[in-house]
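K.L.:
Chains as they are written, first to last, in my numbering: chain A, 1 to 455; chain B, 1 to 455.
One or more of the hints may lead you astray.
Which copy is meant is left open, because identical chains are indistinguishable; a pair holds if it fits in one copy or across any two.
As the list claims (entries may be wrong) - No more than 27 angstroms apart at the CA atoms, straight line, and that leaves these computed lysine-lysine pairs for DSS-like:
id, residue 1, residue 2
1, K14, K428
2, K428, K165
3, K402, K292
4, K198, K8
5, K133, K428
6, K165, K54
7, K454, K402
8, K79, K255
9, K369, K454
Everything labelled a hint here was simulated from the structure, so no lab data went into it.
There are 2 protein chains.
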Amino acid sequence: MSREIPYKTYLTEKEAPRTWLNLKAFMKEQHDPFLNPATGKPCAPEELEAVFCKECVKQELNSADKEIEIPDGIRNFYKTFRPSPLVRAYFLEKALGTPAHIYYKFEGNNTSGSHKLNSAAAQAYYAKQQGLKSITTETGAGQWGTALSMAAAFYGLDLKVYMVKVSSEQKPYRKEVMRTYGAEVIPSPSDTTAAGRKILEEFPGTGGSLGCAIAEAVEAAVTTPDCKYVLGSVLDHVLLHQSIIGVESKLALDKYGENPDIIVGCIGGGSNFGGLIAPFMADRLQGKNNTKFIGVEPASCPSLTRGKYAYDFCDSAKITPLAKMYTLGCDFMPSPNHAGGLRYHGMSPIISKLYHDGYINAVSVEQTKVFDAAIAFAKCEGILPAPESSHAIRVAMDEALKCKQTGEEKVILFGLTGTGYFDLAAYKAYNDGTMTDYVPSDEALQKSFAALPKV
Amino acid sequence: MSREIPYKTYLTEKEAPRTWLNLKAFMKEQHDPFLNPATGKPCAPEELEAVFCKECVKQELNSADKEIEIPDGIRNFYKTFRPSPLVRAYFLEKALGTPAHIYYKFEGNNTSGSHKLNSAAAQAYYAKQQGLKSITTETGAGQWGTALSMAAAFYGLDLKVYMVKVSSEQKPYRKEVMRTYGAEVIPSPSDTTAAGRKILEEFPGTGGSLGCAIAEAVEAAVTTPDCKYVLGSVLDHVLLHQSIIGVESKLALDKYGENPDIIVGCIGGGSNFGGLIAPFMADRLQGKNNTKFIGVEPASCPSLTRGKYAYDFCDSAKITPLAKMYTLGCDFMPSPNHAGGLRYHGMSPIISKLYHDGYINAVSVEQTKVFDAAIAFAKCEGILPAPESSHAIRVAMDEALKCKQTGEEKVILFGLTGTGYFDLAAYKAYNDGTMTDYVPSDEALQKSFAALPKV
């Protein structure tokens, strides 16, 4: 093991970043604005402020400031789970026999188990600062709901989480974590909102959907005094908060004079990848590096590699503004056999724009290969990775194996976004040999594209 | 927040300890030796080596060397999950309004979720060095089995885990983590051993017991070539490995010139508490400090506070040597409503001896009060604690509240041994208001004591 670069690097409290990096301020062209689906016109700030906190809307629309100060109140909470470690994967390098230097930034060392807490902290803080009493959100598998319940507890806010009903039944313990932090968890559809009651009337036995849970959470927010709605991915302000991942990574790598040749991240809504690449992409846009950025998506939900760059709804209930993004169509659902997360139909408008302009590469991988990589990684590096994160592990390993062929000592950085504690049903399927792969047909995608809104 | 002492302190790789601390070498009197129950005579090293690895037996019987070198092979694996953070609990202090300085050493930031990995790493390494092909162990709730499967995967050893059958059915995902790391998990009782077959014949529908699982694991080890048995608590060599917790804590506290007035840890078998206090107790035994050491046990399983100091079997199957320790009797079982772990009938012989000689204080607490503390802690410090660890949180909070009364700025250090991810059924009971307390009656304990072996 090299004597020079330690296995794990934690920044000290004094070294911890005091600002987020606003990637948009480095882009020559901005992505197209959100549109109000009723009017087809760009959303005014007031329209967004009816749903979201003021400061978040301000950040959403800010493409001028390169750095945004992280308030002390957020930096305090960050201290409980950040800085996260940057790890030199010596044991993985050795197992692969590669000359590449592999690094990963591990965001799973907090009770929510993922990077989601970075933005939950910021959004809950701003809600409190605005004088709100409560916030609402939806959650599917429960990672985001857990993160937000931790943040709401820390800042002293009430929180209602609309949790997709089938998920709340299949994952009762996820619900219990949220309750332990004081959140009210409501299986959706519920009779607490008009949207929920309507769905229950039409489909009495339904297990719910993320689209319905979003509709309920937004309705609850706009009909409750001193309450706003909070979203965990896709939006520009979420990517801003997640830039802490990349800023810390760069500070740590700079200590060792290491510049990534390749940065790999998994992409679902794009918040983790957008956060990880932020400072490196900012440099790239200024011609300061020649880093290759690779977003990895599941072959069963290939929004960048096979989607359309078009305006679409952000949710399947079609209540949100329209976003210009790579999308599979808002009704697209990955096959039920898909176990690896990253099942969002669209993609962050910032990531979509950068991909469209040729700054980002994307690849898709099948899930059995993803789990092969996950298990090889777990055995030599100790951490049981989330299936989502394992998409990045897969491609980082593939790139490192190319280096073994060519003898190149490339520096590879990947994002390890979370732990696999709550995905053990998927690991069981893999261990039992019952996991299968799935790739949607061209016909299915064409059908889905045909339903895109006409703008 | 103080500018001087950071919220979290990680030792750097260069600062990480190179030796374990052998507390026994500082004790004026040693605990009584293990006895062979058949002969009533002290166990010879060869008898122990029939079951355990040679190096572990050597460590078990070593009361001469004050420091034992940690081999590079173990220090390498330690790098994947150590050093663990020492946290100044500023947010808990603020929530309590106490002038006390509260610190905790958090051992849950690894995939096994607890401190158990410290000894699993060492024991798997020594098994590999001895040229063994495989190891066996038993596990109840699964924490120890998970830790050992991670270590076995890292060093390339086969591992058989005999998991209490009812536990393997109630916690299928725990089993899945072990399988993911390549362990063979066998629900116990099984037909793979004579001990298991005998139990199955007598009690066809049994859900198993830890005693039976130990018997199966030991039988499998002694009847398989190149295979030994590995145990996760109680024994002196396990406490030796766990001393890494205390040694790191002391190095970090020394940086800030802080000397603990009070050290609090939960006690089940005693491995975590013994490890945490090791260097501080060594100083105490040399008259270098006046620290108060408090072991916290559940009121429903009060081995130190209400047990007898006597020779007893280490397991309920009565196949192990006899140990002189505080015990409730090897057939003692805490009430089924007991959710907080720490359900071992006995106590580490080292801890028992130190308690008997007046160097350690012990208190017992009821579980609803333990969960009150757990939730208060989770909300302000972020981490969802294991119920076991929450026994220490409870008493650390109580001591800090005493300081609030007296105005004393005492330094309190407690051990946060693990996370509560796999204990959410207990949190659910608490959240639902269905958790109750239980204290065994004097009559029940007297009955249990009557069955102690006559030595």
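K.L.:
Given identical chains, is K79 near K255, meaning Cα to Cα at most 27 angstroms, within a copy, between copies, both, or neither?
P.N.:
both (21 angstroms within a copy, 19 angstroms between copies)
K.L.:
Evaluate K14 and K428 at a C-alpha cut-off of 27 angstroms and name the case that applies: within, between, both or neither.
P.N.:
neither (43 angstroms within a copy, 39 angstroms between copies)
K.L.:
Go through the copies and call it for K133 and K428: within, between, both or neither, with a Cα cutoff of 27 angstroms.
P.N.:
Intra 42 angstroms, inter 26 angstroms, cutoff 27 angstroms: inter-copy only.
K.L.:
With identical chains, the pair K428 and K165 could be close in the same copy or across copies; at 27 angstroms between alpha carbons, which is it: within, between, both, or neither?
P.N.:
both (23 angstroms within a copy, 18 angstroms between copies)
K.L.:
Go through the copies and call it for K454 and K402: within, between, both or neither, with a Cα cutoff of 27 angstroms.
P.N.:
Neither: 44 angstroms inside a chain and 68 angstroms across chains, both beyond 27 angstroms.
K.L.:
For K198 vs K8, is the C-alpha pair at or below 27 angstroms within one copy, between two copies, both, or neither?
P.N.:
neither (52 angstroms within a copy, 49 angstroms between copies)
K.L.:
Given a CA cutoff of 27 angstroms, do K402 and K292 count as a within-copy pair, a between-copy pair, both, or neither?
P.N.:
within (15 angstroms within a copy, 58 angstroms between copies)
K.L.:
Taking 27 angstroms as the upper bound on the Cα-Cα distance, should K369 and K454 be classified as within, between, both, or neither?
P.N.:
neither (38 angstroms within a copy, 60 angstroms between copies)
K.L.:
Between K165 and K54, at a C-alpha cutoff of 27 angstroms, which is it: within one copy, between copies, both, or neither?
P.N.:
Answer is neither: 30 angstroms inside a copy and 54 angstroms across each miss the 27 angstroms cutoff.
Checked against the numbered hints given earlier, the structure breaks hints 1, 4, 6, 7, 9 and satisfies all the rest.
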